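Asks: I would like the entire structure built from these sequences, with the hints used as guidance.
Chains A and B are the protein sequences, given in the same order. So for the first sequence, my numbering puts the first residue at 1; every next one is plus one. So for the second sequence, my numbering puts the first residue at 254; every next one is plus one.
Note that these hints are calculated values from the structure, not bench results. Predicted model only: the values in this text are computed from it and were never measured. Beta carbons are placed, not taken as given, at the ideal position from N, Cα and C, and that holds for glycine.
Ranges of calculated distance between the beta carbons of each label pair, as one might list FRET restraints:
#1 A:Ser-36 / B:Thr-476: 22 to 32 Å
#2 A:Glu-224 / B:Asp-289: 50 to 60 Å
#3 A:Lys-5 / B:Pro-274: 26 to 36 Å
#4 A:Ser-55 / B:Leu-497: 52 to 62 Å
#5 A:His-132 / B:Met-266: 26 to 36 Å
#6 A:Ala-116 / B:Ile-401: 42 to 52 Å
#7 A:Glu-71 / B:Phe-264: 23 to 33 Å
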Amino acid sequence: MIEVKNIRKGFGDVEVLKGFSTTFKPGQTNLIIGQSGSGKTVFLKTMLGLHKPDSGQIIYNGNAYSDLNEEQQRDLREQIGMVFQGSALFDSMTVEENIAFPLKMFTKMKKKERIARANEVIQRVNLENANHKLPSEISGGMQKRVAIARAIVNNPKYLFCDEPNSGLDPNTATVIDNLIREITIEYDITTIINTHDMNSVMEIGDHIVYLQKGHLAWEGTRHEIFKTDNKDVTNFVYSSNLFKMVREAQNAK
Amino acid sequence: MSYLHSIGAYFIMIKDTFVKPTKGRVLSDLIFKEIDDLIIGSLGIVAFISFFVGGVVAIQTALNLNNPLIPKSLIGFAARQSVILEFAPTFISIIMAGKVGSFITSSIGTMRVTEQIDALEVMGINSLNYLIFPKIVAMLVYPFVIAIAMFLGIIGAYTAAVYGGFTSNDAFLSGLQEDFIPFQLFYAFFKTFLFAFLLATIPSYHGYFMRGGALEVGKASTTSFVWTSVAIILVNFIVTQLLLS
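Replies: Next comes the structure, spelled out in structure tokens:
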């Protein structure tokens, strides 16, 4: 579980996160949504420890990140898996080497054991015949699977995903969404996804946090988001023509 | 002010490169890979340039020896002095700032643009140590490259001078051994070690701290070449003043 308490973060005179609190529970997919510039990425990076908050706390299973010493922070980071927007796979390594990389860095596993574990995860994310290919030799969807496999190979307790669907076609995006959800439930991970994809919200939004101009403007589930009276959320949700048409069709009935 | 900020950031980067070391087994793999990329991959161009520039030095010296009172052995002497003191350590290092420096800046810069460095940081890895420390260690082998450049430079000079008919074998060899001061070799290799450090760290700095996209990677490579060359020239001047004057 990750608890966020009255978090604030600014850069120079601009305050990006303006003090809000929320809780992300394990075994469910937590989505952070909001318009561009609402502070989603800063929030994600602050939770990851890449930005130091100006005030407030990020509490991982009862331990405030800011109270941990360097070694404890490093240990905590080993429990975190991250899927980057552009996958962030290491160009010079093969798919198998990319996935086994966290094991090589943080475990005492021998090469055979590392490869065996990497292959286990490769099967889990349905990647076939790509072990010895370089990231540049596989498709965007496959790269996302490799990124997910690398993120979960060391059995993390927390999984962060930054726009995991960006650049993917709708079918592949749905497959990736479902894969993240299945893994979240299977391994009881606290998963936090940064997205502005409404399909993801509908598919896997167990807990949704809507950010607006650095404030937490609304939170709830994917079922509640379509019934809310919050105008900002409604405007965001129905900014998609598809959803607008669905709403108009429902109103016409 | 921005220059002062950059110089400060460069020294902080160097300090941070030596803390929170990467696992030894991983590091040794990275070092061997860097030796292959930075050193072995540069041998061909260094050998080619050294041989022919050595030859040109000999020909230029020979063509300027119009006075019959000046012995032809001066060709060997001038070739040795130019190659050992300046051409091999300094001129080759500036070429390496273009070849190795651009490679380092663009590879680290691309990692920055594609969030690979963020990925390392999120995993709790000291990305500076992981990326830059192996390059610094690999560049400890760089003096061997310069030794090869010295050797081939003199061979090139010998070939051009003797087989080009500018001097005899004996005259060239006697000039080559004339007034040899072993300290000059120490001076040449001492500054080579300093250049090696600059070649590993300045391009790394420009790659690591770059912001933007593919276009900025290209700009960072050019900037890194300029600043590495400037630093090499300045350090060369200072070391020469301190050790030889």
